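Engineer: Turn these sequences into a full structure, and let the hints guide you.
4 protein chains.
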Amino acid sequence: MTIEASTTGGAAPRRIRLGMVGGGQGAFIGAVHRIAARLDDCYELVAGALSSQPQRAAASAAELHIAPDRAYADFHAMARAEAARADGIDVVAIVTPNHLHVPIATAFLDAGIHVICDKPVSTTLADALTLVEKVRSTGLLFALTHNYSGYPMVRQAREMVAAGELGEIRLVHAEYVQDWLTTDLAATGQKQALWRGDPAQSGAGGALGDIGTHAEHLGRFISGLELAAVSADIQSFVTGRRLDDNAHVMLRYANGARGLLWASQVAPGNENALRVRVYGTKAGLDFRQEQPNQLWLTPLGQAPRLITRGGSGAGSSAAAGHATRIPAGHPEGYLEGFAQLYRDLAEQIHARWEQRTPDPLACSVPTVVDGALGMKFIAAVIESSRAEGRWVSARL
Amino acid sequence: MTIEASTTGGAAPRRIRLGMVGGGQGAFIGAVHRIAARLDDCYELVAGALSSQPQRAAASAAELHIAPDRAYADFHAMARAEAARADGIDVVAIVTPNHLHVPIATAFLDAGIHVICDKPVSTTLADALTLVEKVRSTGLLFALTHNYSGYPMVRQAREMVAAGELGEIRLVHAEYVQDWLTTDLAATGQKQALWRGDPAQSGAGGALGDIGTHAEHLGRFISGLELAAVSADIQSFVTGRRLDDNAHVMLRYANGARGLLWASQVAPGNENALRVRVYGTKAGLDFRQEQPNQLWLTPLGQAPRLITRGGSGAGSSAAAGHATRIPAGHPEGYLEGFAQLYRDLAEQIHARWEQRTPDPLACSVPTVVDGALGMKFIAAVIESSRAEGRWVSARL
Amino acid sequence: MTIEASTTGGAAPRRIRLGMVGGGQGAFIGAVHRIAARLDDCYELVAGALSSQPQRAAASAAELHIAPDRAYADFHAMARAEAARADGIDVVAIVTPNHLHVPIATAFLDAGIHVICDKPVSTTLADALTLVEKVRSTGLLFALTHNYSGYPMVRQAREMVAAGELGEIRLVHAEYVQDWLTTDLAATGQKQALWRGDPAQSGAGGALGDIGTHAEHLGRFISGLELAAVSADIQSFVTGRRLDDNAHVMLRYANGARGLLWASQVAPGNENALRVRVYGTKAGLDFRQEQPNQLWLTPLGQAPRLITRGGSGAGSSAAAGHATRIPAGHPEGYLEGFAQLYRDLAEQIHARWEQRTPDPLACSVPTVVDGALGMKFIAAVIESSRAEGRWVSARL
Amino acid sequence: MTIEASTTGGAAPRRIRLGMVGGGQGAFIGAVHRIAARLDDCYELVAGALSSQPQRAAASAAELHIAPDRAYADFHAMARAEAARADGIDVVAIVTPNHLHVPIATAFLDAGIHVICDKPVSTTLADALTLVEKVRSTGLLFALTHNYSGYPMVRQAREMVAAGELGEIRLVHAEYVQDWLTTDLAATGQKQALWRGDPAQSGAGGALGDIGTHAEHLGRFISGLELAAVSADIQSFVTGRRLDDNAHVMLRYANGARGLLWASQVAPGNENALRVRVYGTKAGLDFRQEQPNQLWLTPLGQAPRLITRGGSGAGSSAAAGHATRIPAGHPEGYLEGFAQLYRDLAEQIHARWEQRTPDPLACSVPTVVDGALGMKFIAAVIESSRAEGRWVSARL
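Residue numbers (our numbering), protein chains in the order written: chain P, 71 to 466; chain F, 71 to 466; chain C, 71 to 466; chain A, 71 to 466.
It cannot be assumed that every hint is accurate.
You can't tell identical chains apart in this list, so a pair holds if it fits in one copy or across any two.
Here are the simulated lysine to any residue pairs, SDA-like style, with alpha carbons at most 20 Å apart [claimed, not checked]:
| id | residue 1 | residue 2 |
| --- | --- | --- |
| 1 | K352 | T309 |
| 2 | K352 | A143 |
| 3 | K261 | G96 |
| 4 | K352 | T258 |
| 5 | K352 | D254 |
| 6 | K204 | E417 |
| 7 | K352 | T253 |
| 8 | K352 | V308 |
To be clear, the hints were calculated from the coordinates, so they are not data collected in a lab.
Predicted, not measured: the structure shown is a model, and the values here were computed from it.
Structural biologist: This is how it looks when you write it as structure tokens:
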């Protein structure tokens with residue numbers, strides 16, 4: 071159990087200097103990123119282009135203890151200025167609507183600055199592939215915040231599959247179900263509903279892009295399998311909605327495993343009901359993100375076991391222990407899982423500074439390639455649905 | 071709450087005379103039918119062709135207090151003899167392997183005897199359709215034991231949907247998951263695995279026929295919707311297995327609702343994990359047969375409510391009350407649900423005897439048409455899977 | 071797994087002839103006893119004094135297929151007449167209000183007839199002790215329907231404790247919580263509330279007698295420990311109520327284990343929330359009667375295990391298997407648990423007839439001594455509460 | 071929903087300067103306090119006496135970015151020096167073993183510095199009462215980290231009781247159950263077990279002081295009732311253990327309500343199973359800290375409702391909203407609950423600086439008086455247990 075990233079002896083390494091684009095007053099996910107960055111005390115937020123409106127950018131920065139000379143209204147200016155400073159930022163967090171992810175990431179990568187980007191990585195597959203090349207060519211780090219992969223029990227699930235405890239994997243069932251778009255929320259002017267429902271800002275996927283890619287990634291993250299093809303049926307149940315609000319997808323993995331994926335934002339009574347079940351020849355696993363401190367392990371022919379974060383049944387999991395801050399029975403949640411990606415990226419950055427190999431346990435942070443796979447997934451699902459269920463490749 | 075079918079005053083109506091075909095020593099489902107018939111004291115088991123082996127038939131009958139002269143080894147002989155007796159059976163319960171359902175049912179229908187038949191109704195769609203016609207032409211009763219429809223909370227769910235409490239239905243998610251065929255059980259000589267894995271005895275569906283049709287029926291029973299088409303991907307994960315052991319199905323209903331259905335017998339840790347979720351524009355419902363005394367109701371914008379059988383939140387449900395024997399907090403289970411179909415059929419038979427309209431609450435017992443729809447579902451799923459996911463009609 | 075008591079080969083033994091006292095039209099628990107007796111087909115109900123009102127007794131009997139000449143209005147007459155018949159009843163089930171249990175039981179014991187009696191056994195400890203002596207002197211069987219002890223998972227829990235799987239037992243926590251007396255239900259004329267609230271019919275205990283003795287018995291049944299002393303605080307929260315509606319009790323067992331017991335009928339939201347937790351030096355067990363197909367086993371230093379009735383994790387339990395009718399995942403409930411006591415008593419009766427030792431697995435049916443211990447428990451709790459928590463012996 | 075304490079417009083108020091005593095390398099709760107202080111960005115840790123060993127104190131400070139001149143090995147020196155600095159700490163967090171709480175708190179209060187103190191507040195009731203007077207006389211703020219009172223659902227529960235939604239409260243059931251002391255852990259040299267098992271460092275209570283006071287406080291916090299008297303039975307099950315490892319307590323509240331409290335560290339399978347149930351004449355509430363995003367509300371005569379943090383059913387709760395950072399379905403946990411006390415104290419401090427009334431929602435942070443009540447509870451329980459269950463006053 072690691073309470074803080076910095077308690078391993080010796081003076082604390084300097085905090086990583088973090089900048090942020092987006093996330094000004096009233097934004098949601100920006101604040102989550104800031105708490106995540108703060109939680110383990112590995113970062114300090116020192117610069118930001120928190121809004122493209124200068125006044126709001128300045129006010130937002132002031133609220134966050136960012137010095138006025140590092141409060142920008144333009145991300146290009148920020149990238150240039152920060153790259154030029156001796157104490158410039160080491161990494162930028164991008165928390166804008168989706169359509170701005172690629173241009174912003176490109177600007178900072180070009181300036182030699184690592185990137186943390188909210189998902190989905192882009193609005194088109196083509197953009198995502200271009201960005202993959204950009205990241206490769208610069209050699210910089212690019213973390214995509216598929217945050218659910220930071221939960222200790224998810225890390226343990228992945229570790230157990232990799233260790234063969236489930237046998238050969240046959241089935242992957244992933245679902246992410248919400249209800250907040252059951253009615254025509256955009257018609258009420260709700261900001262989130264508006265931009266997420268606008269293809270120009272969101273991309274081609276509605277529920278697919280917003281939550282479907284989380285389910286797709288988590289299934290892949292835990293199972294370790296390559297998704298080969300999809301057959302899908304997507305819908306927009308609410309009249310006038312331009313993007314899907316429900317998606318049913320059948321999955322085929324490269325190893326012959328099969329699966330189902332369901333993403334919905336119109337199922338009353340569901341908040342963020344992300345669940346992944348994986349079944350192999352020897353055992354099954356069941357993870358629900360709303361109960362992230364628990365993981366069911368169901369070995370064939372034995373009683374189901376409820377593994378808890380830090381608990382007796384999880385004792386030997388290096389991967390879960392790595393992602394744990396407090397003892398069993400004291401629940402960790404969404405913010406801690408999110409923070410884990412920040413902490414792991416910090417380790418990767420420190421390893422570069424110190425010219426050493428990073429801790430392997432810190433190396434599962436989703437990357438730009440995961441982002442491109444997510445965009446491919448969205449494109450393939452839409453194509454299959456339009457082709458009345460024809461199987462479409464999900465490979466890059 | 072009705073404790074016994076016969077406590078409504080006046081002398082008890084005479085018990086319905088029941089015969090049974092199949093269900094001899096060592097059989098499973100026959101014993102379940104017998105308990106179901108006995109539970110509410112509406113039937114007496116007086117005749118049987120419990121086995122096609124004469125010695126075993128006689129021994130089985132003796133164990134069950136059946137008089138030797140009414141212990142048959144041949145169902146044709148039984149149908150003839152019982153039809154000829156003044157005290158002959160009123161109804162026969164068919165609990166043999168699937169391929170015998172239609173010939174046996176036909177023999178008893180031809181003899182003027184009502185039929186209770188285990189599911190699936192037949193091994194081919196054509197046979198099922200022929201049987202539909204036979205039932206129609208005789209005017210006799212034919213109950214198909216999709217037993218999960220007898221649970222009080224299932225009855226209540228159906229009633230709530232019909233009353234519009236969920237609004238317009240958009241989504242139906244049904245799954246029935248087991249693990250008992252994760253390994254090659256047939257290779258060990260296990261009897262159930264052998265005949266269920268043999269197309270000649272089971273029909274074209276493996277998991278599909280055994281449990282998939284339960285899920286299909288229950289989704290339809292609760293939602294009240296007509297299934298229009300399916301797109302499917304089925305598998306046999308275990309080498310050498312001739313029938314499917316896993317089925318993924320996308321659903322389209324006649325009203326535009328969509329759904330997913332998953333049937334599996336290779337998911338370790340699942341016993342009889344039958345679950346149906348239905349979502350409409352106003353609320354959702356979630357039923358799990360392993361917790362049959364509970365029903366989640368999730369009205370949009372309100373806290374989820376846990377309705378319990380007989381409990382405060384279920385107070386006004388006529389349909390649930392009709393199917394309930396004991397008060398809230400004292401769980402009823404599988405046998406009681408099964409018995410409900412027997413009790414409801416008894417009411418239908420008594421109503422015929424008394425030349426009156428049966429209690430409408432006793433009229434949801436699945437029929438031969440449900441059986442035919444199930445066979446159509448199996449055929450459509452297999453056709454779609456072979457056609458790589460093409461949508462195939464599920465209508466008769 | 072035993073589907074029916076009679077499927078072990080050979081002709082079925084004759085059904086045990088059952089009589090019933092109490093349980094006429096409108097009664098609740100009588101109907102439960104009848105279903106329990108019927109479920110495994112070991113009994114036939116042939117006589118009854120179902121009501122002390124002759125007309126109602128006759129009408130109730132007619133509804134239950136009891137011959138008119140065996141429908142009595144007086145239990146003394148019934149005991150005499152049945153004892154005199156060649157085909158007289160073998161056993162009587164007593165399902166009247168509490169204050170009649172002892173006189174009725176005495177009459178039938180004196181007539182040489184076995185007794186099944188609802189709990190609590192009497193209204194005073196003195197009466198219970200007298201009855202213990204009566205049973206001993208006659209050598210007849212006396213079963214007390216502490217029905218929760220018939221659940222397979224309760225049987226398994228008891229077996230696991232006895233086998234030492236929990237180590238030395240340190241803690242027993244039992245609670246039985248309801249809400250049906252939260253308001254002054256008796257004031258509305260509700261029949262159950264009226265007689266249960268009347269000391270003359272119910273005895274000195276309210277919630278204590280009605281449900282507290284169930285919790286006391288179940289804790290003792292599972293743990294196998296002797297209750298040594300209690301310290302208690304009981305209340306009647308509703309104005310005008312003459313008996314307790316809530317009881318808090320601290321427990322000391324003979325081996326040094328300690329416990330808590332809570333019985334309440336004024337806790338809104340609780341139906342029949344009977345739960346027993348037992349903790350030893352090596353593991354714990356947690357059973358909830360509203361989920362009777364499950365049992366949590368929590369070995370120290372290992373992941374908690376969810377044992378299910380008939381499931382993989384319960385495979386080797388002879389005691390649970392003995393009490394099981396249908397496979398895992400298909401829930402059994404209250405009626406099946408109740409029926410288990412009837413089935414086990416049938417085995418005891420058959421063994422007597424056949425002059426053999428009964429199956430040890432059928433020998434845990436609660437007896438008149440358990441009834442006396444329950445009455446002692448009630449008396450000790452009341453005495454302790456009056457003495458402001460002084461510890462009072464619970465030993466006979 | 072408040073994402074960050076500082077997003078209400080205008081420049082951020084300066085961060086509160088925090089010092090810490092205790093919590094050096096290898097300590098647990100100190101790290102929790104630091105994360106809690108950091109989470110909402112209201113504090114900066116600038117000074118510490120993290121260990122009484124100078125070398126370790128310096129090394130610990132270096133790891134935490136504390137300047138060398140503000141790394142102390144002696145808390146008296148720290149109090150003096152910080153009080154003398156223009157940029158001295160505003161508040162000190164005390165995270166040492168229990169016996170040091172009072173002297174350290176006194177030193178900082180005498181220096182005019184606010185105090186955050188881990189619980190229990192002292193090792194004796196007398197010390198606690200002296201400290202109450204000290205806090206009163208200085209007029210400074212004193213926050214006791216009964217952290218579970220920071221959970222949004224606990225805040226909501228308290229608010230609902232206060233609003234009369236449960237009617238008059240009759241029953242309070244609190245339990246806090248662990249298993250980590252099931253064996254003689256101290257004998258293995260485990261540090262936590264050693265000091266917590268030593269009366270000189272821990273005080274008179276074992277499980278009572280460590281977790282029992284949390285249960286006592288939470289029951290009182292939610293119910294709003296004054297605890298009047300206790301009757302108890304405490305044990306040390308493990309040979310050689312000097313303090314209790316299990317406590318059973320019956321409770322009487324000033325308004326006539328009754329309750330039970332169970333604290334145990336020897337119940338295998340329990341991690342931090344803190345649960346509080348409160349029942350009134352109109353409804354009940356059930357909160358479990360291991361599922362802190364959920365609260366069951368059980369109105370009499372209605373279906374139980376599962377209220378979730380931020381969810382539809384919790385929409386109108388000002389108290390829960392105040393303590394919430396992220397939307398429903400994304401779980402918050404222990405650290406967020408802990409952080410809530412820090413954030414609320416920050417509001418109280420800012421209000422003092424700004425000479426205004428603090429937000430009433432931020433005013434439920436436990437105080438030194440709660441600490442004294444906890445010590446009185448411990449003393450009363452021990453006295454009652456020694457007096458064989460005699461009721462002992464729990465009032466100060």
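Engineer: If a hint holds in the structure, say so; if it does not, say that too.
Structural biologist: Hints and how they fare:
With identical chains, the CA atoms of K352 and T309 are at most 20 Å apart between copies only, with a shortest distance of 15 Å across copies and 46 Å within one. In this assembly of identical chains, K352 and A143 lie within 20 Å of each other by CA distance neither inside one copy nor across copies; the values are 55 Å within and 43 Å between. For the homomeric pair K261 and G96, the shortest alpha-carbon distance inside one copy (10 Å) is at most 20 Å, but the shortest distance between copies (46 Å) is not. In this assembly of identical chains, K352 and T258 lie within 20 Å of each other by CA distance solely across copies; the values are 18 Å between and 50 Å within a copy.
For the identical chains of this complex, K352 and D254 are inter-copy neighbours only, at 13 Å across copies versus 45 Å inside a copy, given an alpha-carbon limit of 20 Å. For the homomeric pair K204 and E417, neither the shortest alpha-carbon distance inside one copy (23 Å) nor that between copies (46 Å) is at most 20 Å. Proximity of K352 to T253 under the C-alpha cut-off of 20 Å is restricted to the inter-copy arrangement: shortest distance 9 Å between copies versus 43 Å within a copy. Taking the shortest Cα distances, K352 and V308 sit within 20 Å of each other only across copies (13 Å), while inside one copy they are farther apart (42 Å).
Of the numbered hints listed earlier, those contradicted by the structure are 2, 6.
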